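Chemist: With chain A fixed as given, assemble chain B onto it according to the hints.
Protein chains in written order, with our numbering: chain A, 44 to 644; chain B, 82 to 256.
The hints are simulated quantities; they were obtained by calculation from the structure and are not laboratory data. Treat the numbers as computed from the prediction; the structure is a model and nothing was measured. Mixed in with the good hints, there may be bad ones.
[Said to hold, decoys possible] Partial selection, computed: residues in chain A whose CB lies under 8 Å from chain B:
1) F137
2) K159
3) Q160
4) P162
5) V490
6) S491
7) P497
8) G500
9) T502
[To be verified] Below 25 Å or equal to it, Euclidean Cα-Cα: the simulated DSS-like pairs (lysine-lysine) are:
10) A:K567 to A:K94
11) B:K247 to A:K443
12) B:K237 to A:K509
13) A:K214 to B:K209
14) A:K214 to B:K247
15) A:K437 to B:K237
16) A:K567 to A:K105
17) B:K241 to A:K437
18) A:K509 to A:K443
All C-beta atoms, glycine included, are put in the ideal place defined by N, C-alpha and C.
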Amino acid sequence: MQKLFLTASLFALLGSTVVPASANEELQKLQKDPNQWVMQTGDYSNHRFSKLKQITTDNVGKLEVAWTFSTGVLRGHEGGPLIVGDVMYVHGPFPNPVFALDLNHQGKILWKYEPKQDPSVIPVMCCDTVNRGVAYADGKIFLNQADTTLVALDAKTGKVVWSVKNGDPNKGETGTSAPVVVKDKVLVGVSGAEFGVRGRLTAYDLETGKRAWIAYSTGPDSDMLVDPEKTTELGKPIGADSSLRTWEGDQWKIGGGSTWGWYSYDPQLNLIYYGTANLSTWNPVQRPGDNKWSMTIFARNPDTGMAKWVYQITPHDQWDYDGINEMILADQNIGGKDRKTLVHFDRNGFGYTLDRDTGELLVAQKYDPAVNWASKIDMDKDSKTYGRPLVDEKYAPGSKGEDVNYTGICPAALGSKDEQPASYSPETGLFYVPTNHVCMDYEPFRVSYTAGQPYVGATLSMFPPKGETDMGNFIAWDAKTGKIVWSDPERFSVWSGALSTAGGVVFYGTLEGYLKAVDAKTGKELYSFKTPSGIIGNVTTFEHKGKQYVAVLSGVGGWAGIGLAAGLTKPTEGLGAVGGYAALSNYTSLGGTLTVFMLPG
Amino acid sequence: MLKHKAISVGVAFLVCSLLYRNVWADGSGDPAAAKEANGEYYDKAGNPTYKVKPDGSVDWYTFSGYLRYNSNCIVCHGPDGSGSTYAPALKNSLKTLDYGHFLATVAQGRVNVSASTDYVMPSFGKNKNVACFMDDIYVYLRARANGAVGRGRPAKHDPKPPAWTKAEDSCMGPE
Chain A
44 MQKLFLTASL FALLGSTVVP ASANEELQKL QKDPNQWVMQ TGDYSNHRFS KLKQITTDNV
104 GKLEVAWTFS TGVLRGHEGG PLIVGDVMYV HGPFPNPVFA LDLNHQGKIL WKYEPKQDPS
164 VIPVMCCDTV NRGVAYADGK IFLNQADTTL VALDAKTGKV VWSVKNGDPN KGETGTSAPV
224 VVKDKVLVGV SGAEFGVRGR LTAYDLETGK RAWIAYSTGP DSDMLVDPEK TTELGKPIGA
284 DSSLRTWEGD QWKIGGGSTW GWYSYDPQLN LIYYGTANLS TWNPVQRPGD NKWSMTIFAR
344 NPDTGMAKWV YQITPHDQWD YDGINEMILA DQNIGGKDRK TLVHFDRNGF GYTLDRDTGE
404 LLVAQKYDPA VNWASKIDMD KDSKTYGRPL VDEKYAPGSK GEDVNYTGIC PAALGSKDEQ
464 PASYSPETGL FYVPTNHVCM DYEPFRVSYT AGQPYVGATL SMFPPKGETD MGNFIAWDAK
524 TGKIVWSDPE RFSVWSGALS TAGGVVFYGT LEGYLKAVDA KTGKELYSFK TPSGIIGNVT
584 TFEHKGKQYV AVLSGVGGWA GIGLAAGLTK PTEGLGAVGG YAALSNYTSL GGTLTVFMLP
644 G
Chain B
82 MLKHKAISVG VAFLVCSLLY RNVWADGSGD PAAAKEANGE YYDKAGNPTY KVKPDGSVDW
142 YTFSGYLRYN SNCIVCHGPD GSGSTYAPAL KNSLKTLDYG HFLATVAQGR VNVSASTDYV
202 MPSFGKNKNV ACFMDDIYVY LRARANGAVG RGRPAKHDPK PPAWTKAEDS CMGPE
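In isolation and in its complexed conformation, chain B is listed as follows:
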């Protein structure tokens, strides 16, 4: 009986996650902003997310993510998460990759070397230009995966929140 129930739960979970994927095409589920703190937005499940206002203006984290992505990640993953000849398009990857796995991959890196591919991603855990801006980059790519932000530099964005500057200073260390 107990075993049977466990399977049902498992099936329900699978259906549920399939549904999520169909509906949201987002590895972390519904990306709608449910909460805001110090200029950073979170979804219902507590994952960082983007906020695009009706006039197209994006939150600061999304904008900062655009800057940091297109400086540190672009050389392999292509402009605006579009992929390149040797690394996947992250605007597609985040349709199935969730926040936790995103953080783990960036921090630890990933190796996929075979006869036909040589995908090697280094660990960015110690690179402050990435590690200090993980949420920013995640939020930006999440917006790209959901089609909420287009190619190129977002035209308008919220101002830099004081809390963000404080966090940047403490994470990046003395100039």
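Same shape as in the complex, but just chain A:
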């Protein structure tokens, strides 16, 4: 008995200090508590769904502002706050301040961390100096700084516990993504596909910051952590040198495939999921081949980094249909069969449903009817082009060589959806997707590579689909069948992460700065409030002292701030017509503010 007691206390001791699995268990437990919001994506499945239901379709119209907080930064504010216990953690774009706010005292500042970073990193960030937020685990806050420093802060004091350099801004490598903690590792990606970086996902030890593994998106099998026999694509082994065979010469070294999106994790299957980005250059003529494994969904073992399966969404990208958008893990009944699925709304305009255990392709349909670059994804298992998009040559910027203007391609390079994460409600079984409704002309030309400099090689003009003026939709999607259930038009792209709740409400922000609440069943607008600036942040909810709150970062910027702030144009139209597409600057201005909402009383 004595011995048993001793063993038990020894375990308890180990559990709190040494055994690495504890952080994972803590995080898994915390993410099930709807009062808190401990991960950027809500939970490992990336549902962005909350069980809270004080705020309902009946009373959401009465929401009012509880308190606000300025980050003091003017650039684009992506991501959102974390809520751990009585503390809210708010981050900002470059220079990447992190604030710990006391929820017991209306957001009083407990501590602030602001790293000293070389400002020369700013111009190497392709699309504004955004940051998609911090991660929490094991009493630490993790921040992926613009200069690629991954830093672990003491969640209580803000003091640096450890820090490690994850990349080199002189080569165009930057940090914008939110880290994710899985088991005893912190996973972090790299940005810079427009600068010819070599994309990879890296795992660091939670306690020490020591590198555990690094998995490249391109190159030799050993660098990519793939097994030619065991790693599969659509059920077949990928074979040896699967990446090298699809590039000309050494181009894979500067081929892009960065990893700046959101990662998900299935603890039962012990697999992490993420997508790799577009290629460098944007001129497809200069890089023949499928260019693997850019634009690819990866399923990897988090302990070793080894890939179980891959699926290249857009082989030989000719449009900048970057594949980093989030993978949402949901268990669904497809054609009468219960499946562990992965749902992915790709930039290329197709919504994919795959079996997340095997990588089998189940559904692939357009989630914006405007999509025209491909007629469909080949679902015929016996076909040579199984799983590949059937591309319309007319809209393929490599088909007639460079120096040709390929016109009217939908979607634009922004994609039918960009990084702004969708939400899945297990209650309605629907996915709520913020989308872009924009087309483009694409003119590729010759470029040359210089380290740390843009490596683009195409000029694009973007505009709404023919005969339309709205540039966004907020949609409800049935991933079992691949059909739009309802669609709310928006004047501009919806560049804000959605949130669905057990109260039957779905929240999202707009580029003009409105926080909107709609009915999860019908899409009917129930509430809107204009925040100080355009919203490209993600909506969060939490409960404190028995009261439900909704929080969102506003602060326009990001790629949306570049392309849309000055108003979109149709190249064949003169100056007069441009006014028809009202510029975003007529609606909103810069500035980072967190707005927290509550019901009155």
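Modeler: For chain B alone, coordinates are given in the frame of chain A:
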């Protein structure tokens, strides 16, 4: 006496440049094309400039500048020189910035970091995608500053001059 004259000249110069700015709103003065060589146009003072024909067709350099600008500069300076949330609108900047200063800024970069702004422009001197097309980009933006070319892709343009292709090949190096 000598000193007095120098001041007069100085004043005259100032008035003159003010006048220029009022009349042309162009940092390099009158943008009218006075000379052409191998498809590239120059103003009276010898600065590169644009040429827009009555049918709206632009010279090749202006068109090439549009392509290169909207590939390399757009990410910060916005589409068609219209500016963005974090870099100035060059269609306005060129109303006061002259050709020499334009070249120097692109080649050397520019840093303006303070409590309220963090404008950082890198040096593009070693980036062939920019350095080999400095005149093209300048001419395009000059046309934008003077309202001679609108937003978006110019609908019609002169063909690529053989001299331009030769210059591109020698500047960009082997493919």
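Chemist: For the hint on V490 of chain A, just tell me whether its beta-carbon gets within less than 8 Å of chain B.
Modeler: Where the cut-off is 8 Å and the nearest Cβ of chain B is about 5 Å from V490 of chain A, the hint holds.
Chemist: Going straight from one Cα to the other, do K567 of chain A and K94 of chain A come out at no more than 25 Å?
Modeler: It holds: about 21 Å lies between the C-alpha atoms, which stays within 25 Å.
Chemist: Straight-line Cα separation of K247 of chain B and K443 of chain A no greater than 25 Å?
Modeler: The hint holds at about 23 Å.
Chemist: Holds or violated: K567 of chain A with K105 of chain A, Cα cutoff 25 Å?
Modeler: holds, 16 Å
Chemist: Between K437 of chain A and K237 of chain B, is the straight-line Cα distance small enough, at 25 Å or below?
Modeler: holds, 21 Å
Chemist: When the nearest CB of chain B is found for S491 of chain A, is that gap smaller than 8 Å?
Modeler: Cβ of S491 of chain A sits 4 Å from chain B, so the hint holds.
Chemist: Is the interface hint for K159 of chain A satisfied, with its Cβ closer than 8 Å to some Cβ of chain B?
Modeler: violated, 12 Å
Chemist: Would you check the hint for K241 of chain B and K437 of chain A, treating anything up to 25 Å between C-alpha atoms as holding?
Modeler: holds, 24 Å
Chemist: Given T502 of chain A as an interface hint, is the shortest Cβ-Cβ distance to chain B below 8 Å?
Modeler: holds, 4 Å
Chemist: Can you confirm whether the C-alpha distance between K509 of chain A and K443 of chain A stays at or below 25 Å?
Modeler: holds, 23 Å
Chemist: Let's test the interface hint: is any C-beta of chain B closer than 8 Å to that of P162 of chain A?
Modeler: holds, 5 Å
Chemist: Is the Cα-Cα distance between K214 of chain A and K209 of chain B 25 Å or less?
Modeler: holds, 16 Å
In this structure, the hints that do not hold are numbers 2, 3, 14, in rising order.
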